[in-house]
Amino acid sequence: MKDEQRSFESNWMRSIVDAHAADLTRYAASILYDADGAKDVVQDVFLRLWQEPRANVEGHVLPWLFRVCRNRALDVRRKGGRMKRLDEASAERATTDAPGPETVTEQQDSHAQILQMMQALPENQQEVVRLKFQNGMSYKEIASVTELTVTNVGFLLHTAINTLRARIVASGE
Amino acid sequence: MKLLPEDPRLTAYALGEIEDQQERSAIKSAVAQSTELQQAVAAIRDMSELLTKGFAAEPIPELSEFEKARMGQPTATRERSGVSRILSWPVLSSVAAVLIIAFVVLPQRSALKEDFAYQAEPRKEDFADQKLPIESLISKFQIAEENPALDVEIAAKMLIESSPFQSIARPDLESNEFVESARSVTTLRVAEKQMASPVLIRKRVVLAKEADSDVLLESLESGISMDYSAPGKPAPPKMVKAYASAPAPPAMMLADNGMRAPNQARELPATFNTEKYAPIEESGFRSPLVAALSTFSIDVDTASYANVRRFLNQGQLPPADALRIEEMINYFPYADAAPTKSLDEGGAPFAVHMAQTVAPWNESHHLLRVALKGYEMPWEERPSSNLVFLLDVSGSMNNANKLPLVKEAMDLLVRRLDGRDRVAVVVYAGASGLALPSTTANNYDTIQHAMDNLKAGGSTNGGAGIQLAYKVAREHFIDGGNNRVILCTDGDFNIGQTNSGDLTDIAEAAADEGISLTILGFGMGNYKDDLLEELSNKGKGSYAYVDSRAEARKVFLEDLTGNLFKIAKDVKIQVEFNPAQVNSYRLIGYENRRLKAEDFNNDKKKAGDIGPGHTVVALYEIIPATVDSDVPSVDALRYQQSVESKSAPGEVATVKLRYKQPDADVSQLITRTVSSDELVRFDATHEDVRFSAIVAAFGMRLAESEYLNGLSYDAIESIAASSLGIDPGGHRSEFVGLVRRARELSPAEAPLPVQSRGTSQE
Numbered sequence: 001m002k003d004e005q006r007s008f009e010s011n012w013m014r015s016i017v018d019a020h021a022a023d024l025t026r027y028a029a030s031i032l033y034d035a036d037g038a039k040d041v042v043q044d045v046f047l048r049l050w051q052e053p054r055a056n057v058e059g060h061v062l063p064w065l066f067r068v069c070r071n072r073a074l075d076v077r078r079k080g081g082r083m084k085r086l087d088e089a090s091a092e093r094a095t096t097d098a099p100g101p102e103t104v105t106e107q108q109d110s111h112a113q114i115l116q117m118m119q120a121l122p123e124n125q126q127e128v129v130r131l132k133f134q135n136g137m138s139y140k141e142i143a144s145v146t147e148l149t150v151t152n153v154g155f156l157l158h159t160a161i162n163t164l165r166a167r168i169v170a171s172g173e
Numbered sequence: 174m175k176l177l178p179e180d181p182r183l184t185a186y187a188l189g190e191i192e193d194q195q196e197r198s199a200i201k202s203a204v205a206q207s208t209e210l211q212q213a214v215a216a217i218r219d220m221s222e223l224l225t226k227g228f229a230a231e232p233i234p235e236l237s238e239f240e241k242a243r244m245g246q247p248t249a250t251r252e253r254s255g256v257s258r259i260l261s262w263p264v265l266s267s268v269a270a271v272l273i274i275a276f277v278v279l280p281q282r283s284a285l286k287e288d289f290a291y292q293a294e295p296r297k298e299d300f301a302d303q304k305l306p307i308e309s310l311i312s313k314f315q316i317a318e319e320n321p322a323l324d325v326e327i328a329a330k331m332l333i334e335s336s337p338f339q340s341i342a343r344p345d346l347e348s349n350e351f352v353e354s355a356r357s358v359t360t361l362r363v364a365e366k367q368m369a370s371p372v373l374i375r376k377r378v379v380l381a382k383e384a385d386s387d388v389l390l391e392s393l394e395s396g397i398s399m400d401y402s403a404p405g406k407p408a409p410p411k412m413v414k415a416y417a418s419a420p421a422p423p424a425m426m427l428a429d430n431g432m433r434a435p436n437q438a439r440e441l442p443a444t445f446n447t448e449k450y451a452p453i454e455e456s457g458f459r460s461p462l463v464a465a466l467s468t469f470s471i472d473v474d475t476a477s478y479a480n481v482r483r484f485l486n487q488g489q490l491p492p493a494d495a496l497r498i499e500e501m502i503n504y505f506p507y508a509d510a511a512p513t514k515s516l517d518e519g520g521a522p523f524a525v526h527m528a529q530t531v532a533p534w535n536e537s538h539h540l541l542r543v544a545l546k547g548y549e550m551p552w553e554e555r556p557s558s559n560l561v562f563l564l565d566v567s568g569s570m571n572n573a574n575k576l577p578l579v580k581e582a583m584d585l586l587v588r589r590l591d592g593r594d595r596v597a598v599v600v601y602a603g604a605s606g607l608a609l610p611s612t613t614a615n616n617y618d619t620i621q622h623a624m625d626n627l628k629a630g631g632s633t634n635g636g637a638g639i640q641l642a643y644k645v646a647r648e649h650f651i652d653g654g655n656n657r658v659i660l661c662t663d664g665d666f667n668i669g670q671t672n673s674g675d676l677t678d679i680a681e682a683a684a685d686e687g688i689s690l691t692i693l694g695f696g697m698g699n700y701k702d703d704l705l706e707e708l709s710n711k712g713k714g715s716y717a718y719v720d721s722r723a724e725a726r727k728v729f730l731e732d733l734t735g736n737l738f739k740i741a742k743d744v745k746i747q748v749e750f751n752p753a754q755v756n757s758y759r760l761i762g763y764e765n766r767r768l769k770a771e772d773f774n775n776d777k778k779k780a781g782d783i784g785p786g787h788t789v790v791a792l793y794e795i796i797p798a799t800v801d802s803d804v805p806s807v808d809a810l811r812y813q814q815s816v817e818s819k820s821a822p823g824e825v826a827t828v829k830l831r832y833k834q835p836d837a838d839v840s841q842l843i844t845r846t847v848s849s850d851e852l853v854r855f856d857a858t859h860e861d862v863r864f865s866a867i868v869a870a871f872g873m874r875l876a877e878s879e880y881l882n883g884l885s886y887d888a889i890e891s892i893a894a895s896s897l898g899i900d901p902g903g904h905r906s907e908f909v910g911l912v913r914r915a916r917e918l919s920p921a922e923a924p925l926p927v928q929s930r931g932t933s934q935e
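Chains as they are written, first to last, in the working numbering: chain A, 1 to 173; chain B, 174 to 935.
Since the hints were made in silico from the structure, they are not lab data.
Careful: at least some of the hints might be erroneous.
[Stated by the list, open to error] Pulled from the structure, derived: some chain B residues nowhere near chain A, Cβ distances all over 10 Å: (1) Pro181; (2) Arg182; (3) Ala493; (4) Ser557; (5) Asp685; (6) Val807; (7) Phe855; (8) Gly903; (9) Ser919.
[To be verified] With a straight-line Cα cutoff of 20 Å, these simulated SDA-like cross-link-like pairs (lysine to any residue) come out: (10) B:Lys226 x A:Ala112; (11) B:Lys711 x B:Arg759; (12) B:Lys241 x A:Ser7; (13) A:Lys140 x B:Arg197.
[To be verified] Covered stretches of chain B (chain A as the covering partner; in silico rule of three or more C-beta atoms under 8 Å from a C-beta of chain A): (14) 209-221; (15) 224-236; (16) 887-901.
Where a beta carbon is used, it is the ideal one built from N, C-alpha and C, also for glycine.
With the hints as constraints, model all of the structure from the sequences given.
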């Protein structure tokens, strides 16, 4: 075993965990509505990264991580998520999403409102909107995470933005 | 360059996502010339900023140092629940063998594909625009193959989940057959890596890819073309063809993609089609003093909801008689717990759940929800099947959304069966015939070949077809198995035994022999809903309406065991209401499933079956005794004090259920009481209770029910949107979109410019 390389890998790994673990956990939680489950998913993602030859992921680690994370989270949701009692899951969501009463300024209210509106979008649109505006990914990166074409990502984002705009206009009237 | 505000490229431009310099400057100059475009760009950027800030306000999960350290470890350091289960290797079944057979018969495109596959090798910066979805699939395969150390199952799943179809049309449909085939292919590749000639292996795998991807690809196309049928983009030819026969102009789109077709509901002539629906008379309130017992048969059908969805997506409000509210409610999966003990161990076939809340449309009324949840039978525990497909191949089926969809649906099913199961195909048109003699399901290529050769043409003689199908089913009858005729039709029985009475007699007689009838309705415009519903009731089977590939997947993958097998039969519900607590009650939906009170204990009287995993929900609207109502009542009876009658303070109702085991003749009884202190506020009750109530409200709104008390579509939409829960399959989100759609189509609520509507305004 090449110890030197091992330690090098370890440092590289740790830097990636530091940089992306929280974002990945939040992303997985947006699919699972389950913070603990999301952490398990992210741990699996990093396990996969260990097994992946560096050359395969170098240069596009971020979309790679999100793609693996997405697939794993969907997998978990499909197999186990259903078993989770709905009220439990929504309680968790409520406690993480809702800001405390003292912090609810008008500003944050509009943030909460936009997130709520977003949750009424079809899931595929929500997903690209989140990757774009929460994770700052490019169309190409989103396409690679979701396995859609770039054109399709563009279309979904466009539709989502138009819908949200129309609803904001409607709610302002 | 001419650019419309609806063009997705404008959004890409506003977000700085146009990479091609020429294109970017072309858009830039187009924008410079148009204030409309400038405003659109500004609005998109505003929205982008708003979303970025909104997301930034979402709390980021905090990870402890320990958790981070654990994540950075090359091996798992603790027992993990849930996830680790997924990592285990399931034993590969005979599916692999079936697939290998399938590859061999594939056509000669392999050489070309081989090059293609090599080109699609993922490279460092290879995230370029992937024009063809298939490319991305193949490159996924490459990733999976190049890393044999990876868990094979993950690789296979990765491939499957990466399909755009999955992403577009709900990412969590259970596509087990893809999972299994992809898994077996990947395993094949990994296992053979060390031996044999690489070229040969590559070829095999490429063939395998092709086999799997063809089906995927078609789904992808449909998913994408649906999304692209938005205004401003011409629908691809495939879509136009698919809806060529639709009564409405082909301006339809997915209800929930946020775009709307112009209001056209009321402009269509009333006589545009020949769809037939049996009239539905809504149940009214009854006083328990007049009728203490409410008795009905369960109904697991879902056809009405899919049909309503089709109407709304076409831009029409559904006719009131097409609205069977119980079928709308039962379309959705609910989280009510299923019995955990398997049937073999003597577990109950279903669990009963009861809940009471306040009616969302009337604060002084209550709702009683009775939910039955069938045991979720694992696929391996299923009984052997003897399936006879009875396919309508008449001229009217020659539409992209009919026969080709039927074939695809059958293909989905057959891929999940194995050597224990038998499949036969009977077709009917001008003459009926046996297209595929009963064949064990592991002969996949034979079955496939027979299906490929089915063509639509001629007119329909459903009667002769049904008789032949039952004959085949009888000849291959499996004792204790699942013997079933699956009728796929648009319901256009126009020659021969068209008398619906004769047909239903045949179906009923066969059901007595143990051959059930499942009906899948396809297509539109000529659809005989009333006949099909009655046939499936008499044939002791389920009835589903398939209007899209997504629905075919729901019926054949998500709900497959439920639709094909039964775990209890003749399930009846009888509710006795306590006049001390209940002023009056009414059953929502189930209008054509009502039974006489005395039929409840009569085991000769047939009722509906329940399949594995089925959820059956019934809702009663109750006016409590404390509320005055004008429901006609009578004085308390003087001579009816029976020995059993006793004062039961706080008891609202007693719910009794009767069912028989699939092979039994004697029914079993389950009794539950409902107490008034179990009432939960509507906003505090479980999402499933709220959601089922709001689906009922939507059905009532569409049917213009007087009982709805004027609850608006907006209110329905907001309650539904707050009751989505986890929403496996995305069906609930889709429902929210349908409510919006219905509101836009309703003249009373849609704000329409008066001058363009003329006399249709009231």
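Verification of the hints:
{"no.": "1", "hint": "Pro181", "verdict": "4 Å, violated"}
{"no.": "2", "hint": "Arg182", "verdict": "7 Å, violated"}
{"no.": "3", "hint": "Ala493", "verdict": "28 Å, holds"}
{"no.": "4", "hint": "Ser557", "verdict": "26 Å, holds"}
{"no.": "5", "hint": "Asp685", "verdict": "36 Å, holds"}
{"no.": "6", "hint": "Val807", "verdict": "42 Å, holds"}
{"no.": "7", "hint": "Phe855", "verdict": "14 Å, holds"}
{"no.": "8", "hint": "Gly903", "verdict": "5 Å, violated"}
{"no.": "9", "hint": "Ser919", "verdict": "16 Å, holds"}
{"no.": "10", "hint": "B:Lys226 x A:Ala112", "verdict": "10 Å, holds"}
{"no.": "11", "hint": "B:Lys711 x B:Arg759", "verdict": "26 Å, violated"}
{"no.": "12", "hint": "B:Lys241 x A:Ser7", "verdict": "17 Å, holds"}
{"no.": "13", "hint": "A:Lys140 x B:Arg197", "verdict": "16 Å, holds"}
{"no.": "14", "hint": "209-221", "verdict": "holds (count 4)"}
{"no.": "15", "hint": "224-236", "verdict": "holds (count 13)"}
{"no.": "16", "hint": "887-901", "verdict": "holds (count 6)"}
The structure is inconsistent with the numbered hints 1, 2, 8 and 11, although it conforms to all the rest.
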